[in-house]
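Enquirer: All chains, please: the whole structure from these sequences, using the hints.
In this text, residue positions in the sequence shown follow full-length UniProt numbering: the first is 1, and each later residue adds one.
It is possible that some hints are incorrect.
So the derived label-pair ranges between C-beta atoms look like this [to be verified]:
1. G163 with R123: 20 to 26 Å
2. E113 with R7: 41 to 47 Å
3. V112 with R170: 17 to 23 Å
4. P76 with P144: 20 to 26 Å
None of these hints come from the bench; they were simulated from the model.
We put the CB at the ideal spot given by N, CA and C, even for glycine.
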Amino acid sequence: MRIHARRVGVTGPHGPLLKPTSLLVEPGELVLVAGDPGAGHTALGLVLSGRMRPSTGEVSPSADRLRAHVVLVDSPDVSEPEASLPLAGVVGEELAVNGARSGRRAVADWLVERGADEHLDQRFEQVPAATRCALMLELAAGRPGATTLVLDSPDRYHGDPDGWLELARRQVTPERSVVVLCTTTSATVLDVPVARIGADGTGADDLDEESR
1 MRIHARRVGV TGPHGPLLKP TSLLVEPGEL VLVAGDPGAG HTALGLVLSG RMRPSTGEVS
61 PSADRLRAHV VLVDSPDVSE PEASLPLAGV VGEELAVNGA RSGRRAVADW LVERGADEHL
121 DQRFEQVPAA TRCALMLELA AGRPGATTLV LDSPDRYHGD PDGWLELARR QVTPERSVVV
181 LCTTTSATVL DVPVARIGAD GTGADDLDEE SR
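Expert: In structure tokens, the structure reads:
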């Protein structure tokens, strides 16, 4: 599914949460969107997933279609699992939402297949970053109708940008795109084309242009 955000901005009760931002996501693309901390990563994720109406600008397709096909992954205070829950509980809830078997035995088998069963009863906050990121992305990809995954700020807990970038890339298919909302610091380390939160343009390389 093609997503086109045109100068979308969000204003909260105490001021702007997201400055006008333009972004184009084509099917089968991996898109990085960078911004400084507090730039509005989660607000942009909510807009792109049809869960928040922008105060300015517009996004297509409709909010109904976005909600049906875009999954906001591990978003702070939105879709991030409760930190104190055991991994088994988190995975069970996600499998149930996906319409899959979600009993303890099914969850254990699912984790065994992914080499993560040793973390079955571990608190979610204690699960290694790479495992957490990989599992959340795969569970999101299993959501019925999902054509776009929006991974919100993996660098807040995953200190290896190359690691989370590769995990995101693995979920890209000809029909499914992945958008990663990250910090400018991570984008600089990765040295790959990115879009910029607060940039009024649909092209990549906004960050690169600023650093030249």
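Enquirer: Evaluate each hint against the coordinates.
Expert: Checked hints:
1. G163 with R123: 20 to 26 Å: holds, 21 Å
2. E113 with R7: 41 to 47 Å: holds, 44 Å
3. V112 with R170: 17 to 23 Å: holds, 19 Å
4. P76 with P144: 20 to 26 Å: holds, 25 Å
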